[in-house]
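2 protein chains.
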Amino acid sequence: MYCLDRVPAVAASKPELRDAEPFKTVLSGNREAIAKLSMPDLEKILVATLTGMTTEEFNTEVKKWLETARDPRWKRPYTELVYQPMLEVLRHLRDNDYKTYIVTGGGQDFVRVYSEKVYGIPPEQVVGTAGATKLGYDKEGKPFLTKEPKLLLNDDKAGKPEGIHLMIGRRPYAAFGNSVGDREMLEWTGAGRGVRLKMLVLHDDANREYAYGPAEGLPDTKVGTFTEALLDEAKSKGWTVISMKNDWKQIFAFEKGGRSE
Amino acid sequence: MYCLDRVPAVAASKPELRDAEPFKTVLSGNREAIAKLSMPDLEKILVATLTGMTTEEFNTEVKKWLETARDPRWKRPYTELVYQPMLEVLRHLRDNDYKTYIVTGGGQDFVRVYSEKVYGIPPEQVVGTAGATKLGYDKEGKPFLTKEPKLLLNDDKAGKPEGIHLMIGRRPYAAFGNSVGDREMLEWTGAGRGVRLKMLVLHDDANREYAYGPAEGLPDTKVGTFTEALLDEAKSKGWTVISMKNDWKQIFAFEKGGRSE
Numbered sequence: 066m067y068c069l070d071r072v073p074a075v076a077a078s079k080p081e082l083r084d085a086e087p088f089k090t091v092l093s094g095n096r097e098a099i100a101k102l103s104m105p106d107l108e109k110i111l112v113a114t115l116t117g118m119t120t121e122e123f124n125t126e127v128k129k130w131l132e133t134a135r136d137p138r139w140k141r142p143y144t145e146l147v148y149q150p151m152l153e154v155l156r157h158l159r160d161n162d163y164k165t166y167i168v169t170g171g172g173q174d175f176v177r178v179y180s181e182k183v184y185g186i187p188p189e190q191v192v193g194t195a196g197a198t199k200l201g202y203d204k205e206g207k208p209f210l211t212k213e214p215k216l217l218l219n220d221d222k223a224g225k226p227e228g229i230h231l232m233i234g235r236r237p238y239a240a241f242g243n244s245v246g247d248r249e250m251l252e253w254t255g256a257g258r259g260v261r262l263k264m265l266v267l268h269d270d271a272n273r274e275y276a277y278g279p280a281e282g283l284p285d286t287k288v289g290t291f292t293e294a295l296l297d298e299a300k301s302k303g304w305t306v307i308s309m310k311n312d313w314k315q316i317f318a319f320e321k322g323g324r325s326e
Numbered sequence: 066m067y068c069l070d071r072v073p074a075v076a077a078s079k080p081e082l083r084d085a086e087p088f089k090t091v092l093s094g095n096r097e098a099i100a101k102l103s104m105p106d107l108e109k110i111l112v113a114t115l116t117g118m119t120t121e122e123f124n125t126e127v128k129k130w131l132e133t134a135r136d137p138r139w140k141r142p143y144t145e146l147v148y149q150p151m152l153e154v155l156r157h158l159r160d161n162d163y164k165t166y167i168v169t170g171g172g173q174d175f176v177r178v179y180s181e182k183v184y185g186i187p188p189e190q191v192v193g194t195a196g197a198t199k200l201g202y203d204k205e206g207k208p209f210l211t212k213e214p215k216l217l218l219n220d221d222k223a224g225k226p227e228g229i230h231l232m233i234g235r236r237p238y239a240a241f242g243n244s245v246g247d248r249e250m251l252e253w254t255g256a257g258r259g260v261r262l263k264m265l266v267l268h269d270d271a272n273r274e275y276a277y278g279p280a281e282g283l284p285d286t287k288v289g290t291f292t293e294a295l296l297d298e299a300k301s302k303g304w305t306v307i308s309m310k311n312d313w314k315q316i317f318a319f320e321k322g323g324r325s326e
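Chains as they are written, first to last, in our numbering: chain F, 66 to 326; chain B, 66 to 326.
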């Protein structure tokens, strides 16, 4: 959403993009056409909107966007769409001297902007998809870092244990996921010595949040993927599967007191 | 030293290396010839001894080596050759709620093995030269990570601020260095808002430790490089230069009470 929203500003500073695809489609505002963009097209949008600026310019833009952007369904800032049980488990772990991390397929620099405020997790405890930066100097000799279009870590699937090794260098004692992208991280966690906690959240509540599978006959959507194979592996390895519908009284932190029973 | 010491074991498992350079020279034990190896030769040795094994095998080998290897001059384990003033400043910073990091040109996985025991710095607070890993599975389906010959971060010079951004995502409030490889890190630290501490240790005590320049007419050796230009920049930017000879009563932590005045 951030990248799509940034396209007009990027096209304003680079007019040659206005008539070039996929930027032309994004600028048209045609939601149906935007939803159909291919993966290489989306990658072009990521490169144009997430690289080429300094790290400080990027942070400023993300902060500005987070203040004004609203989720179209919930009509709230994205940073308010945080799960109450997730906040509770993070607090519980920290109260018991665990160090808590976010390990996300999302952009590391992006998530770091709000992780401390929203989850109580400082920037250095965010592991995400990350690109290279390059040191340069301005006219006064002041150094800056420019975000480069060179991928260092694709923090999804096998990239999650690889990213954990790179950024943390220790194996987790507990890991929590909600899609096929988390399978390898939970396997890696479970392969450690002694007791390890592995949990998966199943999004099975279309009314209160979203529902996606195709596991358990849930819709096979673009929101996320939780396959039957993942559910089978969870059962065979003793990973706990949490049903948002049945196990969570309250979903979002902004709800007061959760639903009535 | 670790990589050179590992060559015999690697050559034993890969006999084709025995007669191939630069391994033949290393196996000969000819110190003069080893000292003359070129950078591409040294890179071949790094690739052969630091990649191809699992992260767990690597950790085990490093631990074993650290237990038995001795520095030829000091006749002590390398992990005992730690500076007393460095331990004191780390403790002082942590006592005042700073988070302390090692940012090293050395191998990240290597330094992480002993950083907690020697410096009180946990593995996740070590930023170093780092390569990619690749997830695989053994016959029983247990996942492991293999160290790959693909460089992700060369944590030296411009790579230090780049590595700090990647691994920490925040600008340091204090940075300490001892060679030209630390220049960009101190510049990056100093470019932050408000007060920042920048310090350089000058190795100018050949008797108690080592002396290297060529700054101040100190020997231009292979041990390290502290240039006149770095000293000039330190003076012009107000970085504190610490003379090991004049400012440190005690150098190594193993010395009892330091030298007499």
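Rather than coming from a laboratory, the hints here were simulated on the basis of the structure.
Some hints could be false.
Copies of the same chain are indistinguishable here, so a pair counts whether it falls within one copy or spans any two.
[What the hints assert, rightly or not] Below, computed lysine to aspartate or glutamate pairings styled on EDC-like, alpha-carbon distance capped at 20 Å:
(1) K207 to E181
(2) K182 to E153
(3) K207 to E81
(4) K314 to D160
(5) K199 to D221
(6) K207 to D297
Hint by hint, here is what the structure shows:
Taking identical chains as interchangeable, the C-alpha atoms of K207 and E181 are never at most 20 Å apart, the minima being 28 Å within one chain and 34 Å between chains. In this assembly of identical chains, the alpha carbons of K182 and E153 lie at most 20 Å apart only when taken from the same copy (15 Å versus 33 Å across copies). In the homo-oligomer, the alpha carbons of K207 and E81 never lie at most 20 Å apart, since the shortest distance is 31 Å inside one protomer and 51 Å across protomers. Taking identical chains as interchangeable, the C-alpha atoms of K314 and D160 are never at most 20 Å apart, the minima being 22 Å within one chain and 42 Å between chains.
Proximity of K199 and D221 under a CA criterion of 20 Å is satisfied inter-copy only: 13 Å between copies versus 24 Å inside one chain copy. In the homo-oligomer, the alpha carbons of K207 and D297 lie at most 20 Å apart only across protomers (17 Å), although the nearest pairing inside one protomer, at 55 Å, exceeds that limit.
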